[in-house]
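Enquirer: Sequence:
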Amino acid sequence: MAMLLAACSERPQPAAREFPDPDSAGATLLASRCGTCHVAPLPSAHVAAGWITVLNRMQMRMRSRGYPVLAEEEQRVLLEYLQAHAATAVKK
Numbered sequence: 008m009a010m011l012l013a014a015c016s017e018r019p020q021p022a023a024r025e026f027p028d029p030d031s032a033g034a035t036l037l038a039s040r041c042g043t044c045h046v047a048p049l050p051s052a053h054v055a056a057g058w059i060t061v062l063n064r065m066q067m068r069m070r071s072r073g074y075p076v077l078a079e080e081e082q083r084v085l086l087e088y089l090q091a092h093a094a095t096a097v098k099k
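So the numbering used here is basically just the index in the sequence shown, starting at one, shifted up by 7.
Do not rely on the hints blindly, as some may be mistaken.
[Claimed, not checked] Have a look at the derived ranges for each label pair, beta carbon to beta carbon:
#, residue 1, residue 2, range
1, Arg-70, Asp-30, 28 to 34 Å
2, Thr-95, Ser-71, 31 to 37 Å
3, Glu-87, Val-46, 19 to 25 Å
4, Ser-71, Ala-91, 25 to 31 Å
Honestly, the hints are just simulated from the structure, not real lab data. Even for Gly, the Cβ is constructed at its ideal location relative to N, Cα and C.
Given only the sequences and the hints, what does the whole structure look like? Please build it.
Expert: Dropping the structure here:
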């Protein structure tokens, strides 16, 4: 477990300033929590409705790998942020 956490923490994490509305709580959460083990995606990577599925899937992965999951309030803030800055159409 410690090795997994160490491996994840060595990956470069994007700063909140790289995302829309960089001073928001949502951008901070995206950079700090979603960038732990992979490059955090831009909110425009999915349409608003798609972010619910992505967030739920990531919560399940975090739980299954022993990482702390987002608290309910963190989930709400992050989802609102992602949906507010989501793509307006499905990318082809």
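Enquirer: Against the range 31 to 37 Å, how does the distance between the Cβ atoms of Thr-95 and Ser-71 compare: consistent or not?
Expert: With Cβ atoms ~33 Å apart, the hint holds.
Enquirer: Per the hint of 25 to 31 Å, is the separation of the Cβ atoms of Ser-71 and Ala-91 within bounds?
Expert: holds, 29 Å
Enquirer: Do Arg-70 and Asp-30 keep their Cβ atoms within the hinted range of 28 to 34 Å?
Expert: For Asp-30 against Arg-70, whose Cβ atoms are near 30 Å apart, the range 28 to 34 Å holds.
Enquirer: Quick check: does the Cβ-Cβ distance between Glu-87 and Val-46 fall within 19 to 25 Å?
Expert: holds, 22 Å
In summary, this structure violates none of the numbered hints.
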